[in-house]
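Participant: Read off the chains here:
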Amino acid sequence: MKDIEQRLRDSLTARSTDVEPTPALWREVDRRVTRRRRLRVAGWSLVGATAIVVGVLVLPGLIGTGLTVPDIEPIQTPPATPDEEDQDATDDGAPDDAAPDETDEADDPTPTEPDDPDALVTGDDTLLIADGGELRLVGPSGDRSLITLAAEGESTVAGIAVRPGSTPDDLTAAVLTQAEGMWDLRELRVVDGEVTLEVFDERYRPGRAGGSAGDGLTVRGPVWSPDGTSLAWLESGADGVRLQTIGWAAGPGTGDDATDNAQWEVGDVVPGGAIPNDWVAAGGTSTVLRATTPDSDDGWYAIRLDRQADDAWVLAGTDVVPSDGEEPGTVAALAGAAAGSDGRAAQWLVRTDAGEAELLDRTTDPATRVGLPGGLLPPDGSAEVWVRPLSDGVVVGSPSTRSAWVVRGSGPPALLEGGVTYASVVR
Amino acid sequence: MLAMVRAGTTADSFAAVFNAHHRQAVRLAYLLTSDPDQAEDIAAEAFAKVYVRWSKGQVQDVGPYVRRAVVNEANSKLRRRYLERREASRRWGDERGVRLVDDAMADRDLVWQAIQRLPDRQRQAVVLRYYEDLPEAETASLLGCSVGTVKSQVSRGLARLEQLLDATDRTGQTDRTGQGGELA
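Chains E and S, in that order, are what the protein sequence lines are.
Per numbering that gives the first Met the number 0, residue 0 is the first one in the first sequence, and the count goes up by one each step.
Per numbering that gives the first Met the number 0, residue 0 is the first one in the second sequence, and the count goes up by one each step.
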């Protein structure tokens, strides 16, 4: 060992003893763990309304457990502050109108102003949009912020899916979030202006099948079954790629053995990190969950799931749907299933090739090609892209550039205002 | 299956996890940031994040997981400090204002003072290699870079330390003014 290495080692060892944990450290961990289990509602305003509804969301069963430390003084969980006492009042899981914690700088209850009335999202369309840790609704009447994931600091939304049958006034969505490699699924509810966001029960969270422990897990999705009775996502880890489904009754899970939840290994066909785009009907009891990757030229991936008599899903097969040889590039995203197509004929495809992106609209005959703006993709050209059908077009976006464009017909794409990482259509 | 995964994972056992790892976590945070005040904050946040995954029974080897959480959190603090320094430099024309605190502490130990003059990435690499005794591959994994990058960061860090200490030896005194530049 060189002299400098020994001196370095000695110095680091000596200096490390400059600090000793204080008894307050455990209390601080306990406080943060408790706070982490609560999500706050912030920044909710209805257009033209004066009332601001702020809710505090609670994960039942984990609040107020009072972790104790056997060896460190003081060993008791500290008494709740007035703010915490307010929060503890919500331990029954019911939304609360308590004010946000004053330490949560990002909890800004300031109402958002309606956007330009000449909104790009028109008609019956409303979009649930994620931008980092914020969720908002964008529709013909403007833009309203629903919630910001402030309590968890670095949490960001990694996927959203509005449940079929939702309306802006009665909305259910599944929200995938990530923080420091930790994945969670949450249920967003918006009912008559009241917003709640609740972490899925442990039985239905990502990684519940075990095996993909720690930081090896990647979760992509979620997507809803066509009838909205099941939710699915893909998990990739050291042990392979799994498709996870959970049934949905009043919330995650049905309690019924046949429909409550299921997992399948699909890694023999579907690559790790594949992104579920949608889950479409394919005639009769057949459905197809369709997934893409940002950088594979192989095509896209069809996971066929059929309903059995007891409503349980059965994996009917997994296939690679090859790229058309005349269409070079990657199928980065797709949406819409042509009637009677068994899910293989997508109505919209986003192709990327050498840093350029193109929307192929197959709802017209012949198909329409629309070049997508260069700002959709980052400079290196390879990035996650999504496309969602609107009533008269599509919205295409990428979390890499926090941008989304509305495309109608063969007209030029129009940039949606504000940052957009993910979007899902309310319908 | 869930019950099997979660068997034995109770609040009390997380306290045991905390007891087993908190001292090392605080010390690592201190060595990575040179900031004793931030070290405890970093450790608290790291344990809170580890708890989320641990409570789901998804952390099989807690020690490395805590270490990773500490490194991630320290990285976040260092990025913030870098931005603050840049802003201070923009306002005042140099970085003196933000170096004074670090230098005052560093006077206690020449090597430690030199360590603190290393760029953040070099300091993180040498701390993980020579304090945590991690192999290069694990250091690379923690820092989110290649093994080659770790090798070069450590090599440059050691060379820089020697350069700084040589300069100190030549002059036989340390710079106690905190005015930046070399140690002497």
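Don't take each hint at face value.
Stated by the list, open to error - To give a feel for the contact side, a few chain E residues facing chain S, derived at Cβ under 7 Å:
1) ARG6
2) ARG8
3) VAL18
4) PRO22
5) LEU24
6) ARG31
7) ARG188
8) VAL190
Unchecked claim - From chain S, some residues computed to sit far from chain E (all C-beta separations above 10 Å):
9) LEU77
10) GLU137
11) LEU164
Derived by calculation from the structure, the hints in this document are not laboratory data.
Using N, Cα and C, we set each Cβ at its ideal position, and we do this for glycine too.
Participant: Against each hint, give a clear statement of whether it holds in the structure.
Facilitator: Right, here's what the structure says about each hint:
Annotation: E/ARG6 was flagged as interfacial toward chain S, and the flag holds, the nearest CB pair being 5 Å apart, inside 7 Å. At its closest, the beta carbon of E/ARG8 sits 5 Å from a beta carbon of chain S; the interface hint therefore holds under the 7 Å criterion. A hinted interface residue such as E/VAL18 counts as satisfied when its beta carbon comes closer than 7 Å to some beta carbon of chain S; here the least separation is about 4 Å, so the hint holds. The beta carbon of E/PRO22 comes no nearer than 11 Å to any beta carbon in chain S, farther than 7 Å, and the hint placing it at the interface is violated.
Interface hint at E/LEU24: satisfied, since its Cβ lies 5 Å from the closest Cβ of chain S, which is below the 7 Å cut-off. The closest approach between the C-beta of E/ARG31 and any C-beta of chain S is roughly 4 Å, which is under the 7 Å cut-off, so the hint is satisfied. Because the beta carbon of E/ARG188 sits about 22 Å from the nearest beta carbon in chain S, more than 7 Å, this interface hint is broken. With a least beta-carbon distance of about 28 Å to chain S, the hint placing E/VAL190 at the interface is violated under the 7 Å criterion.
With a minimum CB-CB distance of about 15 Å to chain E, S/LEU77 clears the 10 Å threshold, and the non-interface call stands. Against the 10 Å criterion, S/GLU137 stays outside the reach of chain E, whose nearest CB is about 13 Å from its own CB. With a least CB separation of 7 Å from chain E, S/LEU164 falls inside the 10 Å interface cut-off, contrary to its annotation.
In summary, the numbered hints that this structure violates are 4, 7, 8 and 11.
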